[in-house]
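Student: The primary structure of each chain is shown beneath.
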Amino acid sequence: MNKQRWETRPLEIWGKAKELRAQWQRSINEAAERPGAMLAHGNTGEFDWSIGFDDLTVIEDNPVGAMMASKSDAFSRKCRLASEVRGWGREICGYVQNCWGSQFLGYEMDDGAFPFRDMSIPFPDPCDQHLKRGQQCMDLSPIPRWGADYPMYLGPLDPKREQAFIDHTVYCYLQIIDDIERIFDHKFDDEKMIGSLNILPALREQALRISRLMTHTPAPIGQKELYSFYTLGLLTKVDPKETLDFWTSFADEVQWRVDNHIAAVATERFRWMEAHPSPWNFLKYFRYMEKYGAVCIGSQYSHIISGPIELGEDGQFHHIQRKKPPEGQEIRTREDAFRHIFTEARGYRFKDDEYCRKWTITDFAKGFHVDGAIMPLWRGGVGCTLTRKEQGLRLSEMGVHVLHYEGSQPGDRTDLDERRFLDQLDTWMESLGLEKLEA
Amino acid sequence: MKTFKEILENRHAYAKSWKAKTGRKVLGFYDTYFPEEVAYAAGLMPVRILAEHEADDVTDRLMYGNCYCTRDMLNQFARGRYDYIDGLVSIESCQWWYNAFDTTLIMFPDLFSHYLFTPDYLDARTSKDVMRSELSVFAERLEEWLGTKITDEKLDDAINVYNKNRALLRRIYELRRFDTPVILGSETMEIMLANQVMDKAEANVMLESLLSDIEKREPYQDCVRLMLLGSETYDVSLERLVESLGANVVVDELDNGTGCIANDVIPLKDRLMAIGLRYLGKPHSALKDSIWRRRQERIFQLYEDWQADGVIIAKQIYCHPHGTDMYAVWKLLRERNIPYITFERDTTLPQEETRLAVEGLISQIEPGRTRIAGWSRSGAKTG
Amino acid sequence: MITAGVDVGLMNTKIVILRDKEVAAQRTKQSGGGGRGETVKEIWQDALKDAGIKPKDISKVVATGTGKKDVSFADKTVVEAVAAARAARFLYPESTSVVDAGADMTHVVTLGEGNTIREVVMNQKCMNGLGLVIEVMADRLGLTLDEISALAPAQGKTNPVNDGCPVFAELDALGLLNIGVDRREVAGAVTDAVVVRLSSILNDKIRPQKDTTVFIGGLAKNLAVTERLKERSGIHFLIPENAEYGGALGAAVIATDM
Chain A
1 MNKQRWETRP
11 LEIWGKAKEL
21 RAQWQRSINE
31 AAERPGAMLA
41 HGNTGEFDWS
51 IGFDDLTVIE
61 DNPVGAMMAS
71 KSDAFSRKCR
81 LASEVRGWGR
91 EICGYVQNCW
101 GSQFLGYEMD
111 DGAFPFRDMS
121 IPFPDPCDQH
131 LKRGQQCMDL
141 SPIPRWGADY
151 PMYLGPLDPK
161 REQAFIDHTV
171 YCYLQIIDDI
181 ERIFDHKFDD
191 EKMIGSLNIL
201 PALREQALRI
211 SRLMTHTPAP
221 IGQKELYSFY
231 TLGLLTKVDP
241 KETLDFWTSF
251 ADEVQWRVDN
261 HIAAVATERF
271 RWMEAHPSPW
281 NFLKYFRYME
291 KYGAVCIGSQ
301 YSHIISGPIE
311 LGEDGQFHHI
321 QRKKPPEGQE
331 IRTREDAFRH
341 IFTEARGYRF
351 KDDEYCRKWT
361 ITDFAKGFHV
371 DGAIMPLWRG
381 GVGCTLTRKE
391 QGLRLSEMGV
401 HVLHYEGSQP
411 GDRTDLDERR
421 FLDQLDTWME
431 SLGLEKLEA
Chain B
1 MKTFKEILEN
11 RHAYAKSWKA
21 KTGRKVLGFY
31 DTYFPEEVAY
41 AAGLMPVRIL
51 AEHEADDVTD
61 RLMYGNCYCT
71 RDMLNQFARG
81 RYDYIDGLVS
91 IESCQWWYNA
101 FDTTLIMFPD
111 LFSHYLFTPD
121 YLDARTSKDV
131 MRSELSVFAE
141 RLEEWLGTKI
151 TDEKLDDAIN
161 VYNKNRALLR
171 RIYELRRFDT
181 PVILGSETME
191 IMLANQVMDK
201 AEANVMLESL
211 LSDIEKREPY
221 QDCVRLMLLG
231 SETYDVSLER
241 LVESLGANVV
251 VDELDNGTGC
261 IANDVIPLKD
271 RLMAIGLRYL
281 GKPHSALKDS
291 IWRRRQERIF
301 QLYEDWQADG
311 VIIAKQIYCH
321 PHGTDMYAVW
331 KLLRERNIPY
341 ITFERDTTLP
351 QEETRLAVEG
361 LISQIEPGRT
371 RIAGWSRSGA
381 KTG
Chain C
1 MITAGVDVGL
11 MNTKIVILRD
21 KEVAAQRTKQ
31 SGGGGRGETV
41 KEIWQDALKD
51 AGIKPKDISK
61 VVATGTGKKD
71 VSFADKTVVE
81 AVAAARAARF
91 LYPESTSVVD
101 AGADMTHVVT
111 LGEGNTIREV
121 VMNQKCMNGL
131 GLVIEVMADR
141 LGLTLDEISA
151 LAPAQGKTNP
161 VNDGCPVFAE
171 LDALGLLNIG
181 VDRREVAGAV
191 TDAVVVRLSS
201 ILNDKIRPQK
211 DTTVFIGGLA
221 KNLAVTERLK
231 ERSGIHFLIP
241 ENAEYGGALG
251 AAVIATDM
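Residue numbers (this note's numbering), protein chains in the order written: chain A, 1 to 439; chain B, 1 to 383; chain C, 1 to 258.
Treat the hints loosely; a few may be bogus.
[To be verified] Sample of chain A residues facing chain C (criterion: CB under 7 Å; computed from the structure):
(1) N29
(2) S396
(3) E397
(4) E406
(5) T427
(6) E435
It is worth saying that the hints were derived from the structure and are not from the lab. Keep in mind that this is a model prediction, so the values were computed, not measured. Beta carbons are placed, not taken as given, at the ideal position from N, Cα and C, and that holds for glycine.
Using the sequences provided together with the hints, build the complete structure.
Tutor: This is how it looks when you write it as structure tokens:
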């Protein structure tokens, strides 16, 4: 048994991360004060197109609901009860119940008024709940709302389908922008949006550096750090350059930790991965696992900022080569920009790793040299659970030890039996011959 | 009537015998948004995958959190009940259905399979174009698979057969609008379910004969008239329970009830576009009713047109589209003072709890209900 | 060398005392709910008396089961799956898997080389308390556990109850009673539902082998369960005579290594 102990220390980038997080919260608070500034979006995805609207703040109910679950169990319970008496039951996503339950109540965690959504765009990816969630704010008041498909298909690349899907998606967004300009008199800055197009690839490069560094033993950071930072810059509409600077500094610091053998867990002797997402009210299981010297190196979900990656023959993760718009095609208009975005993104959304490129989960396990995988099974919210059992089987077949635990949804603690979960961890670890190194 | 019931109960034998008789192939599908006309024009018999109540000890290995229906669909494939299916199609729809489709293909990778994107955003200007494109891709794949050409004539024939089928089924629903209907809710649902697993040309012949017989029937007595909402149903146990308590389900707003017979393909020169428009324009399912809500008004219209006295909402456990819509449906029913009950179905219909709930609803409705005075079971005025 | 294993389950506490790896005494008693710690002490005294020894004669005590932390005199605790695995290999050295199903949890353990474990599958929450369901139903139906165990294979096939969730199964069963279905038929239907769930756990990951799978725990004593499960899964289980003591035996064997 490995008895090595490594040095641990907190990340220095924490201060900057907190600053960015506070900046995002300020932008929400300010937008709530301005009429016509708040857009409820079903999924903010990889690229924030709303960067072209200075006067628009995009808010998705996932982070709002997750935050409530993490910060106040009592409040999120109130929200869920408020939604339950209106007809929502156990299969409804906890994020949805928390966020819109708060709207039903009329106030937020801090007793402030629930920010009025001025418009809404539901989105079918990556979960049906994302598609249906946009209606709640419209039920409250007849605000403008649009849809946006994210079409997919299985099987080999089909240029005809690609073209039809891109045309459809681009048109949906152009219509949304036209309507927002017309209804709210906001001006969309084409140049600003076009100018921001090169930020995302640069951001992906920095995130990929971190993902690669996390294949090292000892792992320089753990899942908790990834979860703390992964939304920064993508779900927030902060200065793109500032976001990129943050990720560059973050990657530099992780590199420094690898060079100096700074570990996330001092006694690392078991590496595990997980599937998304964690129960936000009960993150202490990471610490519990550390007692066994077990470190979580992340999940496909928490490494998402790297973009779609694949394991190369050199044992390193690389970006999957994305499709490029035809050579010499300049991006001059917003339509060009959207065509560029959707051409590049076709087939590379998050769920594609579960639907179309099923091997990525086993590649992930291989690349990060994991011994085990903890795969949550959530009863509410389809997207959080779809394919999880199949993935567990595939990992198990390749020799990765798999543990499943159950709960309602990451934003809903109702069905998560915390004691049982910890007992399961004990069973899992002890059956693999590992014992606690600390009480 | 007996024949539809028999076909439903022996649907696998029916499909096998159809294959033996015609030498053609069977294509399985899940959702009523699937444009059957295109498959029919290719010479296939589209068969809807229906759930059953069968003990399931195989799907836990591959699924978690699904509604029982989609679990059972996989369960039946695993047990070989669908060994006659040659191909399987899924569309952009409920993810549990997608899961059943995808997981079945893990077990049976040699099946012909296709994923057809039907927009979730039904109302965008380009939705019809992407739908048209998808139908054309699907038609090409079928042509390649079957070595046949889907001509305009074949599409016209399929459109006619399916339009006729929907019109005949609508006639059955119209008969339920009578104060003393000649057909019960359970009988209607048996026809609807059998129709989804049959060759539609044959179903049409049977429906015509049935309609001419049924209109001569003695009507049933006037009784408490109920409307059924919620997740799709795959058997008639609930309707029978309602009837055993002296009431009748006279109308539904189910995807495999009124939802799949409400509108027709309007003939156009571009046949695929015509078919696509029919599916984009059909009454929204709970899932696809995701932009401006249309379900509520449709529910109310059906409720009024069929003179229902109350509503049963029967949702499958873990049916998230209907779970999410419950808020809007409850709001509608509460605002309009319509009596209703809600309960969850699982692998079996919980008979006792359901009976108590339905009895409660009937007791709530009966005292204040205006009876059709003087009308007897025979329909002849007596008073 | 004298060692002891204590298995504190949801319904019953079991103790096995081994003298030179031979069973010197075994005892079981109802766990006693909230006062579980006291019950454990009482039954411990009885077991010692049965074996004719004093506490100081015992080299090591290992506790297991859901209430293992209530065994104040244990030198060590082990999880149920580890105890079950050791019991299986101790009783049947050629065994490849062990199913441990009691009142509360069900574990299916795939054994590795020597005393290692390759994989553990634990029941999903909807399958918790399978043994408890049978006990509760026996009580409701006015039948003894022996009477349920003796049910004919065909009993319960006509009116199935929900096999996805034990609580729904109980509700369905009560519904059947209300409409006059014979209580043995109802008991058979509930037994079938329990068996379907057990079979589902067996199918979850690595499927246990046909002739080398051991079945221990309280449910292994129920003939109606084991026969129906055999029929459904095709597995010819190796069932020890005192199957309910499996966990305690495994714990006592582990104590011999300490």
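Student: Give a verdict on every hint.
Tutor: Against the structure, the hints come out as follows:
no., hint, in the structure
1, N29, "violated (40 Å)"
2, S396, "holds (6 Å)"
3, E397, "violated (9 Å)"
4, E406, "holds (5 Å)"
5, T427, "holds (4 Å)"
6, E435, "violated (10 Å)"
Checked against the numbered hints above, the structure violates hints 1, 3, 6; every other hint is satisfied.
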